[in-house]
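Model the placement of chain C on the given structure of chain P, informed by the hints.
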Amino acid sequence: MQPINTHLEKLHPYKELLVTSAVILACLILSIIFPTTNSFQSVSRNIFFLIILPFLYIKLILKSRLTEYGWQIGNVKNGLFSASLAFFSGLIIFYLLIRFAGFSSHYHLNPLVENSFGLFLLYELVFLNIFFFAQEFFFKGFVLFSYRQFSYWAILIQSGIYFSLLGLTKNFSWQTMPIMFISLVGGFVTFKTKSFMYSYIFGLLFIMILDAYIIHLVR
Amino acid sequence: MKTKSQNACLSSVLIFMLLFSPFILQAQTQDVNITNGSLSTDTNISGVSADLTDTVNGLIGSSLDSLGVNKDTLSNAIGTFNVYSKKESPPQVSLIFSPSNPETGGSVTATAIPTFFQNDTKDLYFTWFLRTKDCDGTENLSKCDLNDDGRVDIEDYKIKAMRVIANNGFSWESADYASSPDGNSSFKATFGGNNQKGKNSYCYVNDVGSGVAYALECNTHFFPDAPHMNTGDGDFGRDEEKFWHTDPTSADTAQTGNTDEANVAGVGVNNFTWTYSSGDEVGVVVEGVAVDPGKTEDSSFRTMWAAPKGMCYKTTIADGTMPNVSALNDCLYDNLVSPSENSPSSNKIEVSLSASPTSPINDPSSYADSSLSNGDELTVQASIINATDSTYLQYSWQVFASDEANPDDWGKPIAKAALPQATTMEGLGLSSFKFKLNLPNPKKYLSVRLTVKETVGDDSSRQGHASILIPLNSNGNTLSAFGTTTSGTSTPHISMADEICTSTLENAICPIAKDAIVGVKLPSSNMTDFLWTIDGKPFTYSTCFFDDCNADKQSNVAYFPALKQVGNRYVVNLTATNKDTGEKINLSRTFQVVDPTISIASADESVCKPVQLGNYVDLNGKEWADYSNLTFNGISNNYIRFKAVAAGFTPSPSDYTWIVNGTAVTNDPASGYGVDSSGILTIPTGSAGSSYSISLQSTYSQNNPTKIALNKYWNVPYDQFYDNSISKSITVNIQDGTATTASAKSKKIIATIYTSLPSYLAFLLRIVLTAFLILFMSQLILMFFPEIRREE
Numbered sequence: 001m002q003p004i005n006t007h008l009e010k011l012h013p014y015k016e017l018l019v020t021s022a023v024i025l026a027c028l029i030l031s032i033i034f035p036t037t038n039s040f041q042s043v044s045r046n047i048f049f050l051i052i053l054p055f056l057y058i059k060l061i062l063k064s065r066l067t068e069y070g071w072q073i074g075n076v077k078n079g080l081f082s083a084s085l086a087f088f089s090g091l092i093i094f095y096l097l098i099r100f101a102g103f104s105s106h107y108h109l110n111p112l113v114e115n116s117f118g119l120f121l122l123y124e125l126v127f128l129n130i131f132f133f134a135q136e137f138f139f140k141g142f143v144l145f146s147y148r149q150f151s152y153w154a155i156l157i158q159s160g161i162y163f164s165l166l167g168l169t170k171n172f173s174w175q176t177m178p179i180m181f182i183s184l185v186g187g188f189v190t191f192k193t194k195s196f197m198y199s200y201i202f203g204l205l206f207i208m209i210l211d212a213y214i215i216h217l218v219r
Numbered sequence: 001m002k003t004k005s006q007n008a009c010l011s012s013v014l015i016f017m018l019l020f021s022p023f024i025l026q027a028q029t030q031d032v033n034i035t036n037g038s039l040s041t042d043t044n045i046s047g048v049s050a051d052l053t054d055t056v057n058g059l060i061g062s063s064l065d066s067l068g069v070n071k072d073t074l075s076n077a078i079g080t081f082n083v084y085s086k087k088e089s090p091p092q093v094s095l096i097f098s099p100s101n102p103e104t105g106g107s108v109t110a111t112a113i114p115t116f117f118q119n120d121t122k123d124l125y126f127t128w129f130l131r132t133k134d135c136d137g138t139e140n141l142s143k144c145d146l147n148d149d150g151r152v153d154i155e156d157y158k159i160k161a162m163r164v165i166a167n168n169g170f171s172w173e174s175a176d177y178a179s180s181p182d183g184n185s186s187f188k189a190t191f192g193g194n195n196q197k198g199k200n201s202y203c204y205v206n207d208v209g210s211g212v213a214y215a216l217e218c219n220t221h222f223f224p225d226a227p228h229m230n231t232g233d234g235d236f237g238r239d240e241e242k243f244w245h246t247d248p249t250s251a252d253t254a255q256t257g258n259t260d261e262a263n264v265a266g267v268g269v270n271n272f273t274w275t276y277s278s279g280d281e282v283g284v285v286v287e288g289v290a291v292d293p294g295k296t297e298d299s300s301f302r303t304m305w306a307a308p309k310g311m312c313y314k315t316t317i318a319d320g321t322m323p324n325v326s327a328l329n330d331c332l333y334d335n336l337v338s339p340s341e342n343s344p345s346s347n348k349i350e351v352s353l354s355a356s357p358t359s360p361i362n363d364p365s366s367y368a369d370s371s372l373s374n375g376d377e378l379t380v381q382a383s384i385i386n387a388t389d390s391t392y393l394q395y396s397w398q399v400f401a402s403d404e405a406n407p408d409d410w411g412k413p414i415a416k417a418a419l420p421q422a423t424t425m426e427g428l429g430l431s432s433f434k435f436k437l438n439l440p441n442p443k444k445y446l447s448v449r450l451t452v453k454e455t456v457g458d459d460s461s462r463q464g465h466a467s468i469l470i471p472l473n474s475n476g477n478t479l480s481a482f483g484t485t486t487s488g489t490s491t492p493h494i495s496m497a498d499e500i501c502t503s504t505l506e507n508a509i510c511p512i513a514k515d516a517i518v519g520v521k522l523p524s525s526n527m528t529d530f531l532w533t534i535d536g537k538p539f540t541y542s543t544c545f546f547d548d549c550n551a552d553k554q555s556n557v558a559y560f561p562a563l564k565q566v567g568n569r570y571v572v573n574l575t576a577t578n579k580d581t582g583e584k585i586n587l588s589r590t591f592q593v594v595d596p597t598i599s600i601a602s603a604d605e606s607v608c609k610p611v612q613l614g615n616y617v618d619l620n621g622k623e624w625a626d627y628s629n630l631t632f633n634g635i636s637n638n639y640i641r642f643k644a645v646a647a648g649f650t651p652s653p654s655d656y657t658w659i660v661n662g663t664a665v666t667n668d669p670a671s672g673y674g675v676d677s678s679g680i681l682t683i684p685t686g687s688a689g690s691s692y693s694i695s696l697q698s699t700y701s702q703n704n705p706t707k708i709a710l711n712k713y714w715n716v717p718y719d720q721f722y723d724n725s726i727s728k729s730i731t732v733n734i735q736d737g738t739a740t741t742a743s744a745k746s747k748k749i750i751a752t753i754y755t756s757l758p759s760y761l762a763f764l765l766r767i768v769l770t771a772f773l774i775l776f777m778s779q780l781i782l783m784f785f786p787e788i789r790r791e792e
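Order-wise, the sequence lines are chains P and C. Position one of the first sequence corresponds to residue 1 (my numbering), numbered consecutively onward. Position one of the second sequence corresponds to residue 1 (my numbering), numbered consecutively onward.
There's no promise every hint is true.
To be verified - Listed below are the simulated DSBU-like cross-link pairs for lysine-lysine, each with C-alpha atoms no more than 35 Å apart in a straight line:
{"id": "1", "chain 1": "C", "residue 1": "Lys160", "chain 2": "C", "residue 2": "Lys71"}
{"id": "2", "chain 1": "C", "residue 1": "Lys622", "chain 2": "P", "residue 2": "Lys170"}
{"id": "3", "chain 1": "C", "residue 1": "Lys199", "chain 2": "C", "residue 2": "Lys242"}
{"id": "4", "chain 1": "P", "residue 1": "Lys170", "chain 2": "C", "residue 2": "Lys416"}
{"id": "5", "chain 1": "C", "residue 1": "Lys416", "chain 2": "C", "residue 2": "Lys434"}
{"id": "6", "chain 1": "C", "residue 1": "Lys434", "chain 2": "C", "residue 2": "Lys160"}
Hints in this document: simulated from the structure, not taken from any laboratory.
Pulled out of the complex, with its shape left as it was, chain P reads as follows (with noise of 0.2 Å):
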C-alpha cells in the first residue's frame, strides 16, 4: 500500500485544477439552491456566487491576476472581428428559427416589457445586464480560462457545464436558446482574444434586438 504522500505527489499536477472545479462546481450550486425569500436577494446571490467569490478565489487563494481570465481588453482587432462575425451569423440564425420554426411563439417575454418601452431598456439594461454579466464573468472568465490548459476543448467544457445546468434546472428550452447559443460562440470569441469582454458586448446586443424583433412581432 503506497503512503498517501504518494497519492499527493500524483495529483500535484493537478491539484489547482482540481480546487478550481470544486469551487466552480460549488459557486454553481450555491448560485442555484442558496435560500433567498425576494428578488433583491435572488440578483444578490447571482452576484455574489458567481462574480465576488470567483473574483476573490483568483485573487486571494489562486493569486493570480484577472487579466489572465479574460478580465482585460485582449486583442482589440481580432475581437471586434470575431464578435462581430458572430453577431451577424447569430441574427441570421435566429431569423431563421424565426421564420420556419416558429421561435417567436415559443420565446415570451414579460408583457409589461413588451408594452413599455422605458420598461423594456430597463429590463434590457439593467436587469438583464446584471445576470448577463455575471454569468459571462463566470463561465468565459473564470471556468473557461481555468481550462484554457485544454485548449479549444475548455470551450465546450464552460458551455458543457452551462448546459448541464440549465438540463438540471429544467431550463432546457426554446426560452434560453439564445443563451445557449452565445455561451456556445461566444466562448470561442472569448477564448481567440482572451478576453470575455467581446463576447459580453456582442451578446448583450444581440439579446436586446432580439428581444425588440420579437416584440415588433408579436405586438
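Same frame as chain P, but now just chain C:
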C-alpha cells in the same frame, strides 16, 4: 308496256298470293329475309318458279307503291313483328328491405314486388329462403341441415324461412303434436298459382339473352318439403305440423287467411320478416303465370318463375333434352341477397345542413378580441335523416373559404385556431357547429362541410357528407347611430350630431332616451338600393326633412324617434347592395328606450376619486375594482373638479345646475368656486375631515324645434312629450393631502427598505460566511500539497 291479258293473269296471281300469303308466311317465318326493303325467300314457294317470284314481287311492289305504302317502313314493321315474341318481358320480382341497414338482433322485413305476372299477388306462390352466416357451408350439419338429408343446401334455407312464416311466433315446443286433433291445414297446389286450378300446366323458363321461352317439364314446385313428404300435396298431417312448427290445433297458425300448408307453400306471402343477424342473406322465387298466354289451344297460361336475379335457364338445357323444374333449383343460390347489397343507398347517411344567419357579417377589425366584435356568430346545424342511433354519430366539421361560389378546389380547410370561438369540430354528437365571424382576411364565401360516420353492426360503417355555402358579408360595414339636432320651426330640419353608443357595451344595445330623435347611417359610400326597416316595417317619411333625403327612394341615412315606453326596444335593419360587386348586405342595430340619467364623475382623479368599495372577480377570473358612485374622497387644501356624465341624452353644459352644500354654484373667482364653459365644476377644499354635498340637476326635455318635428313628422301630440327632471348627489370627504399624494409612494418604498433591511443583512451575513467557508476550504485543501507555488 304490259298487255291486258298479262295484267289479268298477274292480277289473278296477286289475288291468290294475297289470299294465301298469311299461311305461306306462317309456315316459312324463319326463312323470310329482308334485303334492301324487299321480301325474298330462300326456297321456292309451292313450286312457283323464280321468274314468277320476281314477277310477283314486282307486282306487290307496284301495288304497294300505288297504295302509297312505304316499302321500307313496311319491312321494318314486319321485322319487328317477327321478333315480337322475343321482346316480351318475362315475369320478374324485386326485393326491398325495411330497414335497409338492419342491425343484428333487429327485425327486418323483405318485401317481394312481382311484375309481369298475370295473377294477383295473393295467388302467387312465394318461396322464401334464408341463409344465415353460420350455415354458409356444410360443416354445421346439426344446426343447418334442417331436413336431415346429410347436407346443407338450398332446401334447408327454404325450410328456415318458410318455418318462420308458417310458425309466426307460435310456441311449438310446448305443443302436443301426438294427441292434438288434426286440424284441416292442407292445401293442394296447382301450377301457375292458386287461381289456375283445373287448367293444364305448361312450364317455361325464359332466356333473358335471346328472349326465347324454353319449355320445362312441370314436375314440381319450388316448395320446401318436410322429410319424406311433399308440400302442396293436399295432405298436412301432424308430422308436417311438427316439422313446420305450426299449431296443430289451428288451420292457419300464421293467420294469413290461408291454411298452414298454403303458408308453407308461400301462397300470397310477399313479405318475410325475421330477426336479422349479421351476414344473413335472403331470396325468393315466385311462381305464377306469365302475361304472355302462350300458344296452347286451351285455357292455360305459361307457368313461369321469377327470382330477384333471374332464373338460370342455361344449366337446364345443357343436355338438349327437356329439363324439369327441379333442375332450376340450383339457380336459387345465385339469388341470395343481403339487405345492404339490395339497397345501394343504405350505406349512405342522409345529411342536410342549415346555417344561421344565412348571410352573416364578418367583422375583421376586432379579431384580436373576438368577444368585442360585431361579427355574427355563425351556427351550422346538421339534420340526419336515417341515422340508426344519432347519439353515436361521429361528426367531422371543416370550413373552407374561397372568393368563388363554386371553385374547382376549395383548398385546405381553415384550422380551428383560426376560427374565433369555434366549438369542437370532431367528435360524437356534434350536430351543430358555431364560430364567431371575426376572420381577419375573409373570402367572399365560406363552405362548411360535414362528414358523418356511423358504425353499423360488427365491422361495417356508414357515412354521409353535406356542405353548405355561406356568402360572407365581409366589408366591415356597421350601422352608426347619431344624436340629432333640430333647427327651424315651420319646417324643422334634422341633422346628425355626435355619434352615440360607440362603447363596446352600448354597441350591442344602444340606449336612447324617450322622445329622442336618433339618426342611423351606413358610412360606406359604395352601396345602393337601401331598404331601411324598423321592427320589420319600412321607414316612411311624409316629407323630406334631412340632408341626403330622397322622396323617391331611401338613402344611406334614416331617422326615427324613440316613442316606445321605457324598456322597449327598436331593431333597425338595413339591406343594401354593393355597387361594385353586387353583394347584398344585411345590417341591424338594436336600440333600447331608457330613462335619461346623469352621474357625477371626478374630472381630476389625482385630487379626488370615488371610494373603492372592494373588488369583484368576473367570470374570466379577472379582478376589477368596485368604486362607489355616491362617495368620493378628496385632498385637503386643493381644488377638486367634477364633470357631468349623461346617459340616454346629450344635454348642453348650460343645462346643468351644480349645487354644493345646498347652494347653487355660480362663478366666483374670489372663492375658487366655478363652473366652466364645458360644465365642469371646480370647488376649493378645506381642511381634512370636512365634507361636501354636491348635487347635479338637469331637465330632460326636447327643444321646441324637436317637438315640432316630432309632431309634424311622426304625429306625436303636443300634450304627450316626455319631460323629466334628473338629479344626482354625491358626498365628498376631505382627507389629509399628504396621505394620498405622490410622496406617499416614496415613503412606502423607504418603509419597505427599512423593514426588509434586517432580513437582507442576515442574508448577506449568511452568504458572506458561505463564501469565506468555501475560500477557506479551498485554501486548506491546497495546503495539503507540499510546496505550493504558482510556478509549479
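Tell me the numbers of any earlier hints that the structure contravenes, in ascending order.
1 and 6
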